[in-house]
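Chains P, S and F supply the protein sequences, listed in that same order.
Numbering of the first sequence is given in our numbering, commencing with residue 1 and proceeding in unit increments.
Numbering of the second sequence is given in our numbering, commencing with residue 1 and proceeding in unit increments.
Numbering of the third sequence is given in our numbering, commencing with residue 1 and proceeding in unit increments.
The hints are simulated quantities; they were obtained by calculation from the structure and are not laboratory data.
Note that beta-carbon positions come from the ideal geometry of N, C-alpha and C, so glycine has one too.
Hints may contain errors.
[Claimed, not checked] Taking CB as the label site, the calculated pair distances span:
1. S:G109 - P:G165: 36 to 46 Å
2. S:P166 - P:L162: 43 to 53 Å
3. S:T49 - P:V64: 43 to 53 Å
4. F:D204 - S:V21: 40 to 50 Å
5. F:R140 - P:S78: 49 to 59 Å
6. F:D204 - S:H127: 28 to 38 Å
7. S:G109 - P:L161: 48 to 58 Å
8. S:L179 - P:P114: 54 to 64 Å
9. F:I206 - P:Q307: 37 to 47 Å
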Amino acid sequence: MNDMTINQHSVQAPSAGDINPFAGVDFSELEKSLRRPRTLIDLLMSGLVAAMTLLALIPLFSVVWMLVWHGGQRLTLSIFTQLPPAPLEEGGGFGNAILGTLVMVALAALISIPFGILSAVFLAETGPQSRLASAVRFAAKVLTGFPSILAGVFAYGTLVLLMGGYSAIAGAVALFILMLPTIVLTAEDAIRMVPAKMREAAIGMGATTTQTVWMVLLPTALPGILTGVMLAVARAAGETAPLLFTALFSNYWLFGGGQVDLEQPTASLAVLIYNFAGMPFENQVSLAWVAALVLVSLVLVTNLIGQAFSRRQIHE
Amino acid sequence: MTDPSGGTQISQPPTRFQQVVDVVFRRLCHGFAWLSVLLVAFIVLKIATAAAPALRQQGLGFLTGTTWDPNTGQFGILPEIWGTVFTSCLALMIGTAFGVAAAIFLSEGFLAQFVFRTLKVAGLEFHPFFGKLPDQVQAFLKNLIELLAAIPSVVYGLWGLFVIIPLIRPMCNWLNLKLGWVPFFGTTLTGPGVLPAVIVLSIMILPTITAISRDALVSVPAKLRMAAYGMGATRWETILAVILPTAARGIVGAVILAFGRALGETMALAMLVGNANRISLSLFSPANSLAALLANNFPEAAKKDVAVLMYAALVLLAITLFVNIIGSVILERASSGLEGRR
Amino acid sequence: MTNIKRDKKPSDPCGVVQSSTDDGAKTDGVVIDCKIDELYYGTFKAVRDTAVPVNRNKITAFIGPSGCGKSTVLRCINRMNDLVRGFRFKGHVHFRGKDIYHPSVDPVAVRRYIGMVFQQPNPFAMSIYNNVAFGLRLNRYRGSVRDKVEEALTRAVLWEEVKDKLNKSGLSLSGGQQQRLCIARAIATQPEVLLMDEPASALDPIATMKVEELIRQLRRDYTIIIVTHNMQQASRVSDKTAFLYLGRLIEFNDTDQLFTRPREKQTEDYISGRFG
Chain P
1 MNDMTINQHS
11 VQAPSAGDIN
21 PFAGVDFSEL
31 EKSLRRPRTL
41 IDLLMSGLVA
51 AMTLLALIPL
61 FSVVWMLVWH
71 GGQRLTLSIF
81 TQLPPAPLEE
91 GGGFGNAILG
101 TLVMVALAAL
111 ISIPFGILSA
121 VFLAETGPQS
131 RLASAVRFAA
141 KVLTGFPSIL
151 AGVFAYGTLV
161 LLMGGYSAIA
171 GAVALFILML
181 PTIVLTAEDA
191 IRMVPAKMRE
201 AAIGMGATTT
211 QTVWMVLLPT
221 ALPGILTGVM
231 LAVARAAGET
241 APLLFTALFS
251 NYWLFGGGQV
261 DLEQPTASLA
271 VLIYNFAGMP
281 FENQVSLAWV
291 AALVLVSLVL
301 VTNLIGQAFS
311 RRQIHE
Chain S
1 MTDPSGGTQI
11 SQPPTRFQQV
21 VDVVFRRLCH
31 GFAWLSVLLV
41 AFIVLKIATA
51 AAPALRQQGL
61 GFLTGTTWDP
71 NTGQFGILPE
81 IWGTVFTSCL
91 ALMIGTAFGV
101 AAAIFLSEGF
111 LAQFVFRTLK
121 VAGLEFHPFF
131 GKLPDQVQAF
141 LKNLIELLAA
151 IPSVVYGLWG
161 LFVIIPLIRP
171 MCNWLNLKLG
181 WVPFFGTTLT
191 GPGVLPAVIV
201 LSIMILPTIT
211 AISRDALVSV
221 PAKLRMAAYG
231 MGATRWETIL
241 AVILPTAARG
251 IVGAVILAFG
261 RALGETMALA
271 MLVGNANRIS
281 LSLFSPANSL
291 AALLANNFPE
301 AAKKDVAVLM
311 YAALVLLAIT
321 LFVNIIGSVI
331 LERASSGLEG
341 RR
Chain F
1 MTNIKRDKKP
11 SDPCGVVQSS
21 TDDGAKTDGV
31 VIDCKIDELY
41 YGTFKAVRDT
51 AVPVNRNKIT
61 AFIGPSGCGK
71 STVLRCINRM
81 NDLVRGFRFK
91 GHVHFRGKDI
101 YHPSVDPVAV
111 RRYIGMVFQQ
121 PNPFAMSIYN
131 NVAFGLRLNR
141 YRGSVRDKVE
151 EALTRAVLWE
161 EVKDKLNKSG
171 LSLSGGQQQR
181 LCIARAIATQ
191 PEVLLMDEPA
201 SALDPIATMK
211 VEELIRQLRR
221 DYTIIIVTHN
231 MQQASRVSDK
241 TAFLYLGRLI
251 EFNDTDQLFT
261 RPREKQTEDY
271 ISGRFG
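Chain P with its partners taken away, still in its complex shape (with noise of 0.2 Å):
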């Protein structure tokens, strides 16, 4: 401490009667400086974690870098609507895969939604605090850290085995058990986001629960239902796991003879590109990029959606 100066100027100080209260404190203390060690350390670990976030981020530019790269050069109208090509063939494309992809989503959401949403009221209104609520958020939250291909394990023990054969409908009940956790948490929490005076005014009214739940509670948590229902569709679109022998894979369109059929194996964009990827044949892998190129944009516009609902949300 330099108290030398500091007395030396509370004398020169005007008011030479009054205690100075800054006497003792050396000024030059406060000054910021690279050169005192805690400045130098709290300056050096920003840097360190900057960097680390920026260098995590890395991966994300590069692999949106490659799917243009690779994926945008063959991005033709004729990829959506050929067939994937036989080994060594030229040119090719897999609309039966975009199809079977969209069809087996849109089963399992078809399945997991109405299960989903009920399940979400019993929790956010019938019985939040029963014993059995905890169960299902219990089993929500096995579900939520299931590994994928244990959902394919079980379709395959249940439905493949019983059904005799690989079909649509066993890969779009291995990717309702996917769909099904995020939905029923996402949607248990909407519901419970929308504002509990709400809930007391409908039922001051005399609405029934039931009215209460479908003339005030759903619609007020639509946005955040759907920004649920919008992450679990963006999710199994994307599983290729739970699809690998559930579905398997097709070289043919889901239209046999003009209609849909759903017991048969079905291409998925996902399995394409995991099949594509391993061939040492150089059109099946730019394929794979282009149908990466195209599972990405279908998977980030349905998140973008679904976090344009959650904007929308009502919070308390």
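Take the given structure of chain P and dock chains S and F to it, following the hints.
Okay, now just chains S and F, sitting in the frame of chain P:
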């Protein structure tokens, strides 16, 4: 007055129909809640019963055997268990370091401050458009990290095959040449192997770690932060001494959940790990994992081998279930603990 | 359509709350007879020994310091307390001579006859029009919903302000407008009784004035029970006042009597501002 409804009151007790609908709807919700619990129980039970024949036939030797040969009927999954745990642990180390760093970077407002200072230099910090920039940039960065989670794993696999492997191969082989005596660098990288799988896996679990850790960091009560700053701590002294310890449980929970995800991740490993039944410490050697084993063998499995695969699936189920339950218990404790302190 | 005369109460067609006392002769009689011997939330005894008869087409005010149980009593009257876990209650609430806590009575039906306005304005996240039409739809109203909506909004002195934006969200209105919207929503179905739980406490003075004026106007057609912690408000709007303290009814009398010549020492202390 002339009431349009013909003199009767508007208020009516619920009609019979409304009452019936109410009861039916409640029962329906109740029923679906039961169904979702039963579904999980059924899944576990289904896999377990399908595995039962193999469990009886192979016994616990299945877990320690090292060969997988459908022709001779010899099955063992020790290499797969090793590969699963080895790759997941390595991926977890990388993913945690970067994930927590990103969580700190995102939760402590570094970027927003940096943008603000930059704007201040230009004198635009209160500009109606540019003034909003700090928050927007911050939110944008958070969304970008979340986007990492949105990319399907098969696309990461594709990217790993055609970008990561060619990129790291020269470096790996150089390491093997110079430091070949270190067990981790014991072999050359010829194609797929542990390291590419680990890199891709760590990228895939990073968003999970970042998102949950960030939640934990953000929910550290502001008064603790203020207390530390008020005593003259620097920003990093505050982060390291107050904020990270307070959020530690949440971060640990995040890491464990991410571990669960890594253990169960299929595609990145099936495409990048090399599918070789080998137990090796080398980062460059091909290996295998439980999920990859299932993915590769199920599609062409003969009827008699299905039970063996189901046994492997059951092992994977048990491991991931255990890890996930521990993770969610820790997270639950973490959030309830913070609320108690508030 | 703005003036509804309810000289003669039509009888309840479905019989849920039907009673022999419901006839023209009893126009000024007791609509609600609320007697609470003991009321518990879990193990906490919230209210005891409180009996308040409520007269038709009068405004009855509950006053008392916060935490005295006045809102609890109010919520008993349309069975909103049923939603609270651990709620137990000994006593009775007679609505037109029938006990609404009788096991055969559907609480949902009770709430359709006894409307409620809450402390916080709580419009639904839907259009202004649909907010008001909500109760009509609940009750399967078969007449012209639009007329009833206009009528209710007019009675709630909100029509002029919102008639051009009926399709806007109810949440877009100011706090005072939202509260009047909630009153319009409650009176659209013309319930017998209107419960108001500190309806003006979340509002600014000007909005409060408007809501109070509205309450005075509604007296002609409705039986109103209002909870307030504001004694001036009680003396301005109510006909009868009940003073509750520590979960017990201390005094119940005509409002001018209670404020000018309180019988009980505690009432006098409270209204003269010595505590509370």
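Okay, the hints, checked on the actual structure:
| no. | hint | result |
| --- | --- | --- |
| 1 | S:G109 - P:G165: 36 to 46 Å | violated, 56 Å |
| 2 | S:P166 - P:L162: 43 to 53 Å | holds, 44 Å |
| 3 | S:T49 - P:V64: 43 to 53 Å | holds, 45 Å |
| 4 | F:D204 - S:V21: 40 to 50 Å | holds, 42 Å |
| 5 | F:R140 - P:S78: 49 to 59 Å | holds, 57 Å |
| 6 | F:D204 - S:H127: 28 to 38 Å | holds, 34 Å |
| 7 | S:G109 - P:L161: 48 to 58 Å | holds, 55 Å |
| 8 | S:L179 - P:P114: 54 to 64 Å | holds, 58 Å |
| 9 | F:I206 - P:Q307: 37 to 47 Å | holds, 40 Å |
Violation of the numbered hints given earlier is confined to hint 1; every other hint is satisfied by the structure.
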